[in-house]
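S.K.: Sequence:
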Amino acid sequence: FFIDEEYGTMEDLRECVCECHRLGMRLLLDLVYFHIGPNANILRTHPEFARQDEDGNFINGPWHFPQFDFNHQGLREYLWCNMVYYVSVLDVDGFRCDVADMVPLDFWYEARRRITAVKPDAVLINEGSDGRSLYAAFDAIYGFSWHSHLYNVLFNGEKVTDLRADWDKFRRECPSGSFVLRDLENHDTVTDWPDRIENMAGHRGMDMVFALNYTVDGLPMVYCGNELADTARVNMFANRFYPGKYEFTSRDDDAKNTPDSLRRQSLVKKLNDFRKEDIRLVYGKTEWLDTDRPDDIIAFSRTYEGKNIWFIGNPKNEPCTVNISGGISMDAEKVAVSGVEQKKENLFELEPYGFIIVRD
Numbered sequence: 001f002f003i004d005e006e007y008g009t010m011e012d013l014r015e016c017v018c019e020c021h022r023l024g025m026r027l028l029l030d031l032v033y034f035h036i037g038p039n040a041n042i043l044r045t046h047p048e049f050a051r052q053d054e055d056g057n058f059i060n061g062p063w064h065f066p067q068f069d070f071n072h073q074g075l076r077e078y079l080w081c082n083m084v085y086y087v088s089v090l091d092v093d094g095f096r097c098d099v100a101d102m103v104p105l106d107f108w109y110e111a112r113r114r115i116t117a118v119k120p121d122a123v124l125i126n127e128g129s130d131g132r133s134l135y136a137a138f139d140a141i142y143g144f145s146w147h148s149h150l151y152n153v154l155f156n157g158e159k160v161t162d163l164r165a166d167w168d169k170f171r172r173e174c175p176s177g178s179f180v181l182r183d184l185e186n187h188d189t190v191t192d193w194p195d196r197i198e199n200m201a202g203h204r205g206m207d208m209v210f211a212l213n214y215t216v217d218g219l220p221m222v223y224c225g226n227e228l229a230d231t232a233r234v235n236m237f238a239n240r241f242y243p244g245k246y247e248f249t250s251r252d253d254d255a256k257n258t259p260d261s262l263r264r265q266s267l268v269k270k271l272n273d274f275r276k277e278d279i280r281l282v283y284g285k286t287e288w289l290d291t292d293r294p295d296d297i298i299a300f301s302r303t304y305e306g307k308n309i310w311f312i313g314n315p316k317n318e319p320c321t322v323n324i325s326g327g328i329s330m331d332a333e334k335v336a337v338s339g340v341e342q343k344k345e346n347l348f349e350l351e352p353y354g355f356i357i358v359r360d
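Position 223 of the sequence shown, counting from 1, maps to 223 under the working numbering, and the rest follow consecutively.
No lab work stands behind these hints: they were computed from the structure.
Please read all numbers here as calculations on a predicted model, not as lab measurements.
Do not take every clue at face value.
[What the hints assert, rightly or not] Below, simulated DSS-like cross-link-like pairs (lysine-lysine); rule was C-alpha separation at most 30 Å, straight line:
| hint | residue 1 | residue 2 |
| --- | --- | --- |
| 1 | K285 | K270 |
| 2 | K269 | K334 |
| 3 | K334 | K344 |
| 4 | K285 | K159 |
| 5 | K269 | K285 |
| 6 | K256 | K334 |
| 7 | K343 | K269 |
| 8 | K344 | K307 |
| 9 | K256 | K276 |
| 10 | K169 | K343 |
| 11 | K159 | K169 |
| 12 | K334 | K285 |
| 13 | K245 | K256 |
| 14 | K285 | K343 |
| 15 | K256 | K269 |
| 16 | K159 | K343 |
| 17 | K307 | K334 |
| 18 | K344 | K285 |
| 19 | K276 | K307 |
| 20 | K334 | K159 |
| 21 | K270 | K307 |
| 22 | K285 | K169 |
| 23 | K270 | K343 |
| 24 | K344 | K270 |
| 25 | K245 | K307 |
| 26 | K343 | K119 |
| 27 | K119 | K169 |
| 28 | K119 | K276 |
| 29 | K307 | K169 |
Using the sequences and the accompanying hints, generate a full structural model.
M.R.: Structure, rendered in structure tokens:
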């Protein structure tokens with residue numbers, strides 16, 4: 001269970017956990033149980049833990065690493081003990097479970113039971129999209145199709161109605177009130193896509209994405225450097241000793257004090273405070289608004305106990321004017337505004353990537 005010395009020591013991790021807790025944060029570890037590195041020590045002592053062909057060779061999965069064999073009860077016990085160890089001994093707060101849909105669901109049910117016996121508020125996040133996993137095993141799942149549709153709306157001419165249809169499908173498949181992670185960038189997309197969104201849509205475009213993902217139902221996820229409007233091509237397979245062709249997020253004062261970075265930091269702080277103080281962003285039902293530009297404009301409300309929050313956003317790099325059915329009071333509180341002017345209760349003019357968040 002010990003850490004590879006390339007990444008530090010167990011004491012380093014323990015200190016990191018303690019500092020996170022001191023700051024009021026939680027720390028989740030990335031848990032990779034579908035496959036394992038071919039040179040892992042555990043495979044030397046327990047080769048039976050990995051799937052093998054008739055000649056005794058390890059069977060690789062889609063990412064070219066040996067797959068674990070979950071038919072082996074000894075493997076299951078080893079992995080459950082691994083999870084309990086980190087939760088109990090190091091006090092980590094849970095796990096982000098890599099491609100968890102490809103691990104048997106009953107394994108996660110038992111994992112949940114064991115770690116919550118030690119830490120009742122432990123968190124499990126499924127890096128997958130199977131809504132069934134939310135019934136008893138996981139607290140949240142990734143919204144892969146959400147960020148794919150959002151990317152295509154931004155850059156490939158897809159209609160906003162397609163994004164809405166994906167949202168409808170997810171809500172039908174998932175338990176009521178379940179959490180879906182809302183992101184646009186993550187560890188895969190920053191290298192798989194042509195460039196960082198900060199470069200492709202500009203910092204204003206990414207501001208609009210942040211406002212959207214913080215306001216729609218689900219959990220907003222801030223990827224490394226997003227909070228600084230960072231453009232570096234980072235990669236999880238690079239590190240400080242072997243960066244290869246990849247870059248690192250700059251944390252020096254010059255990078256953090258550019259106008260775009262300062263605006264992003266201010267926006268993220270405002271949105272974080274907004275989510276903490278307004279219960280409608282936790283329990284409010286998402287209702288898509290009727291507009292005269294349904295293919296072009298993202299517009300919805302979050303409603304709870306008769307009170308509303310509204311979001312209107314332009315995901316296109318061109319200005320537009322939109323009429324909103326029902327209208328929004330001119331006196332309603334503007335929580336965050338960028339490139340939007342409200343002309344009438346139902347009429348809004350939006351600059352490219354403009355957005356507005358309003359509440360009554």
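S.K.: Hints first: check each against the structure and report whether it holds.
M.R.: Hints, one by one, checked against the model:
Under the criterion of a C-alpha separation no larger than 30 Å, the hint pairing K285 with K270 is consistent with the structure, at around 22 Å. Between K269 and K334 the alpha-carbon distance is near 16 Å, which keeps this suggested pair within the 30 Å criterion. Only pairs whose Cα atoms come within 30 Å are accepted, and K334 paired with K344 is accepted, the gap being roughly 14 Å. Only pairs whose Cα atoms come within 30 Å are accepted, and K285 paired with K159 is accepted, the gap being roughly 23 Å.
Annotation: proposed proximity of K269 to K285 holds, straight-line Cα distance about 24 Å (limit 30 Å). For the suggested pair K256 and K334, the alpha carbons sit about 27 Å apart, so the restraint of at most 30 Å is met. Using a Cα cut-off of 30 Å, the hinted pair K343 and K269 holds, with the two alpha carbons roughly 28 Å apart. For the suggested pair K344 and K307, the alpha carbons sit about 20 Å apart, so the restraint of at most 30 Å is met.
Using a Cα cut-off of 30 Å, the hinted pair K256 and K276 holds, with the two alpha carbons roughly 25 Å apart. This hinted pair does not check out: K169 and K343 have alpha carbons roughly 34 Å apart, beyond 30 Å. Under the criterion of a C-alpha separation no larger than 30 Å, the hint pairing K159 with K169 is consistent with the structure, at around 16 Å. Annotation: proposed proximity of K334 to K285 holds, straight-line Cα distance about 20 Å (limit 30 Å).
Among the hinted pairs, K245 with K256 is consistent with the structure: their alpha-carbon atoms are about 23 Å apart, no more than 30 Å. For the hint linking K285 to K343, the alpha-carbon distance of about 27 Å falls within 30 Å, and the restraint holds. Taking the CA atoms of K256 and K269, the gap is about 14 Å. The hint holds against a cut of 30 Å. Between K159 and K343, the direct Cα distance comes to roughly 25 Å. Compliance with the 30 Å bound is thereby established for this hinted pair.
Restraint check for K307 and K334: satisfied, since their Cα atoms lie roughly 15 Å apart, inside the 30 Å limit. For the suggested pair K344 and K285, the alpha carbons sit about 25 Å apart, so the restraint of at most 30 Å is met. Our distance criterion of 30 Å between C-alpha atoms is met by K276 and K307, whose separation comes to about 17 Å. Taken as a hint, the K334 and K159 pair is honoured in the structure, with Cα atoms around 27 Å apart against an allowance of 30 Å.
At most 30 Å may separate the alpha-carbon atoms for a hinted pair to count; K270 and K307 meet this at roughly 20 Å. With a C-alpha separation of about 16 Å, the suggested pair K285 and K169 falls inside the 30 Å cut-off, and the hint holds. Under the criterion of a C-alpha separation no larger than 30 Å, the hint pairing K270 with K343 is consistent with the structure, at around 25 Å. Distance check on the hinted pair: K344 and K270 sit about 26 Å apart at the alpha-carbon level, within 30 Å; holds.
Restraint check for K245 and K307: the C-alpha separation of about 50 Å exceeds 30 Å, so the hint is violated. In summary, the hint linking K343 to K119 is not supported, as the alpha carbons are separated by about 52 Å, beyond the 30 Å threshold. A hinted pair counts as satisfied when its Cα atoms are at most 30 Å apart, and K119 with K169 does not qualify at roughly 33 Å. Note on K119 and K276: the hinted pairing holds, with a Cα-Cα distance of about 23 Å set against a maximum of 30 Å.
Restraint check for K307 and K169: satisfied, since their Cα atoms lie roughly 26 Å apart, inside the 30 Å limit.
Hint compliance for this structure: hints 10, 25, 26 and 27 are broken, all remaining hints hold.
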